[in-house]
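Colleague: Chains as they are written, first to last, in our numbering: chain W, 15 to 427; chain F, 204 to 804.
For the record, the hints were derived by calculation from the structure and aren't laboratory data. Just so you know, nobody snuck in bad clues.
A few chain F residues that face chain W, going by a derived Cβ cut-off under 7 Å, partial list only:
1) D756
2) V757
3) Y762
Here the structure is a predicted model, which means the values were calculated and not measured. Each residue gets a CB set at the ideal place from its N, CA and C atoms; glycine is no exception.
Each chain, letter by letter, is given below.
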Amino acid sequence: MGEPRGVSLYLHVPFCASKCAYCDFTSVVADPRAPVPPETLHYVASRLPEGADLGDAYVAALLAYLEEFVAEGVLADVPTIYVGGGTPTILGKRLVGLIEALRALPGVRGDAEVTLEANPDSLDAKLIEALLSVGVTRISLGVQSFDDDVLRLLGRRHDAGLAQGVAELLAESGARFSVDLMCGIPGQSLESWVETVSRAIETGAGHVSVYPLSIEEGTPMAARVERGELADPDPDEAATQMSAAAELMDAAGLVRYETASYSRPGEECVHNIRYWTGAPYLGVGPGAASMLSVALAKRTPLGARAVYSWPDDWRVRFTWHDSTEGFLACLWDCQPVGLEALTAEEASREDAMLGMRLAAGITDALAREAGVDDRLSPLAAQGLVEHVGGRWRTTHRGWLLGNEVFGAIWAGE
Amino acid sequence: MTTDPRHIRNFSIIAHIDHGKSTLADRILELTHTVEERDMVEQVLDSMDIERERGITIKAQAVRVMYDASDGQTYQLNLIDTPGHVDFTYEVSRSLEACEGVLLVVDAAQGVEAQTVANALMAMNAGLEIIPLINKIDLPAADPERVRHEIEEGLAIPADEAVLTSGKTGEGVLDALEAVIRRVPPPEGDAEAPLKALIFDSYFDEYRGVVALVRIVDGSVRKGLKIRMMATDTVTDVEEVGVRRPANTPVDELTVGEVGYLITGLKDPALVKVGDTITLAKHGATEPLPGYREVKPMVYTGLFPIDGDQYPDLRDALDKLKLNDPALVYEPESSHALGFGFRVGFLGLLHMEVVKERLEREFDLDLLATAPSVEYHAYLTDGSMLTLHSPQDMPDPAKLEHIEEPYLKATVLVPPDYVGAVMELSQNRRATFVNMQYLSPTTVEMHYEIPLSELIMDFFDQLKSRTKGYASLDYEYLGYRPGNLVKLDILLAGKPVDALSFIVHRDKAYDRGKVLTEKLRGIIPRQMFEVPIQAAIGGRILARETVRAKRKDVLAKCYGGDITRKRKLLEKQKKGKKRMKSIGSVEVPQEAFMAILKVDE
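Put together the whole structure using the sequences plus the hints.
Modeller: Next comes the structure, spelled out in structure tokens:
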């Protein structure tokens with residue numbers, strides 16, 4: 015009994031050359047050329063050739079875990095793959111081997127979308143060519159800004175010139191690529207922001223994403239705000255910048271298909287759309303999250319846990335332990351952690367909430383199924399959502415006040 | 204077995220807050236083997252959680268200990284632990300009335316403070332023998348000689364025989380008991396006269412009804428007798444008499460001079476009043492003991508359940524609390540902004556805080572309290588007088604002849620360096636300076652007359668912060684005086700919010716209105732639309748601030764790994780909103796209703 019929609023695959027590469035000032039994702043500052051950690055699981059270590067390093071061991075571990083899922087039939091039909099981080103491109107040519115191996119998995123569709131997250135300082139023409147040749151179909155470039163002052167503040171490793179250069183290489187290669195940007199950065203003027211967006215458009219990227227900076231607890235940036243060295247991001251400025259971006263993209267033919275995502279028609283990120291439409295996904299790597307139907311989860315090593323007793327129409331979400339050493343040292347015993355059940359009702363409510371991130375919105379049928387139609391009408395009265403042609407959609411104002419919309423749908427009021 | 208009154212000593216321990224009264228009481232219970240060490244919990248006599256946590260005594264207690272004195276005799280000592288806070292002055296005075304002497308505890312490091320003076324005066328007025336105790340001598344900062352000097356200079360109490368003690372180590376505690384036996388006179392009273400028993404506290408026992416704590420002044424009382432509460436003219440049968448050691452221990456009889464409990468079997472605590480006299484129903488005393496008065500609340504506040512469905516629970520909870528706290532008064536109140544709740548009267552701010560905390564903790568209620576107010580007397584042009592417990596009751600200005608407000612006599616004790624700071628604060632609070640005197644080179648006693656409404660506005664915290672914590676405060680009721688008072692309304696989004704209105708002196712109205720609107724701007728979160736905040740008297744706007752509309756409030760990335768975390772954030776956001784009160788369409792956090800108390804000048 016397979017999943018009709020297939021299961022998307024997310025692979026996490028936690029390594030970074032340095033940590034950005036705002037980042038609270040699961041990542042470790044490590045050089046992939048470091049020696050293989052002695053605690054590495056024998057099953058993985060024994061397959062490594064002479065002279066293998068940490069990066070090789072990590073790739074081997076990812077594949078070892080995947081073999082298990084393949085054996086259990088979880089990956090019988092894989093429509094999209096996303097390799098994110100951390101900084102996947104820090105793995106260099108090891109990444110080429112990984113993509114090759116992924117492509118060779120029996121369940122991966124021939125036309126699967128394979129996205130790779132890349133940082134400008136670890137991507138060059140040679141690597142681009144190699145990656146494209148083994149089947150990467152999309153590259154998401156972490157530019158964040160074309161203003162050097164902003165890049166310094168964010169603690170990025172590249173400057174605007176390098177980002178521009180790598181974007182040009184991508185454009186020349188003919189690859190589909192996305193430029194990822196951040197707005198609402200303390201001290202950034204509207205002029206600087208408009209220039210950043212314009213330069214992103216000029217690279218010829220078929221996809222641009224725009225996220226407002228949020229100061230996350232425990233990051234160096236939060237500490238600077240705490241000490242008063244840095245202003246808290248001004249939500250009004252961020253709103254102005256988000257609106258300015260929307261206008262510039264619209265003029266350039268980049269269509270907003272999700273609150274933070276713009277693309278030329280046909281260049282949407284299918285993998286991400288699946289996150290927002292309740293499609294199942296399997297994440298592998300430290301801190302990676304998965305969401306599977308209970309029926310499917312029972313086939314995984316999770317089946318031995320609480321999942322066993324849950325109804326098949328529920329969903330289960332689980333997260334791997336965020337330790338990279340742990341990921342390398344034990345295949346199953348200590349992971350995954352963060353097991354969470356979504357009842358059928360919660361699952362459809364979550365689908366409704368996430369669906370409202372998309373320009374397409376959600377159908378009346380889903381709103382009813384999720385029991386949120388009576389929560390949507392008051393939002394419409396406030397101009398946050400609209401009801402058009404049998405669908406509920408978020409307005410521009412609603413996207414700026416997303417917490418109001420998503421909060422109302424998920425938690426009521 | 205009756206104890207010869209000559210072998211009875213009734214005494215109380217009085218002290219400024221935190222000077223170690225309860226710890227000392229613990230040691231006395233321990234050293235007289237009333238409570239064995241293994242059963243010892245800290246502050247045995249403070250039985251409520253809140254009492255123990257805050258280190259305050261709210262209910263009076265009486266415990267009997269038997270002490271084998273150095274003269275070879277065994278004495279019955281009745282220790283009456285009194286509430287230590289100025290809110291409960293009347294209760295303290297009744298407890299003292301049940302004693303012949305007091306241990307006046309003074310912290311060996313802190314020295315004499317305002318409530319030390321107030322308590323000592325009360326004991327003197329009651330004609331009690333005062334034994335000074337310099338406590339906490341184990342502290343590194345202890346300076347018994349300085350404190351001895353302060354007691355003599357400041358209180359005019361001879362202190363050469365002051366007992367040095369440490370409640371912590373137990374040092375000197377037996378010396379204190381010896382001093383009690385030597386210096387506190389045994390009770391006098393007529394064993395043959397008709398019963399006169401002073402009620403100095405009462406509590407409600409779920410199974411046995413109202414239990415009175417009594418001191419037998421004349422005569423005796425035993426189980427089965429018919430007795431009469433003189434002030435409330437209530438007749439009932441004595442179900443049991445006994446003493447507390449500290450567990451209730453029934454005895455056959457309480458005789459002249461003794462202290463104990465008396466189970467009345469009554470179900471209504473209002474019939475058993477602190478200060479009332481119990482006598483026999485037949486052939487009883489004709490005159491009650493002097494000093495009884497009705498306890499009147501000083502401070503009023505509106506208590507509203509955040510969730511309107513909890514209104515009946517709040518009523519039940521207040522009914523239950525009142526059983527053990529007859530001073531609590533309340534009546535239903537309804538507010539446009541807050542819905543149904545109660546206007547509750549308290550003895551003072553501490554009493555208010557304690558009651559609110561108990562309601563929330565013991566009855567699991569989420570409550571919103573409006574800013575405290577006092578009882579105003581509004582004299583109308585038709586010659587009648589209205590008592591106002593809430594700003595909402597303020598009559599139409601056209602019908603108003605004048606208003607009077609309660610004043611207090613306040614005493615502040617402070618080191619000379621801070622006299623200026625106290626003067627400045629007091630001036631801001633409409634206080635009239637009466638006089639000041641040096642109790643010692645390090646302590647000045649300042650006297651003021653101050654409107655109660657000003658004192659409940661964060662006065663104590665301000666006093667503490669402006670004197671680096673050195674000042675201590677005591678006050679007593681003075682009387683009603685006319686004042687040029689007006690009702691100040693706060694409007695949110697153009698609509699007056701009754702629960703935010705307050706009564707203020709006309710000269711202060713502009714400043715308070717301005718500061719309060721500024722404060723509210725900081726407290727009320729940005730909403731989906733612009734919210735003007737205005738302060739007004741009648742139709743005249745005094746101050747205006749604006750909470751700008753919220754433009755952006757978005758989640759950052761929301762891919763597979765972020766979804767659970769974002770969902771939790773949304774749930775937290777919802778919980779935060781639930782803690783707020785929707786007024787019209789404006790979400791107002793609870794602290795907004797108390798903001799008026801925090802208007803620093």
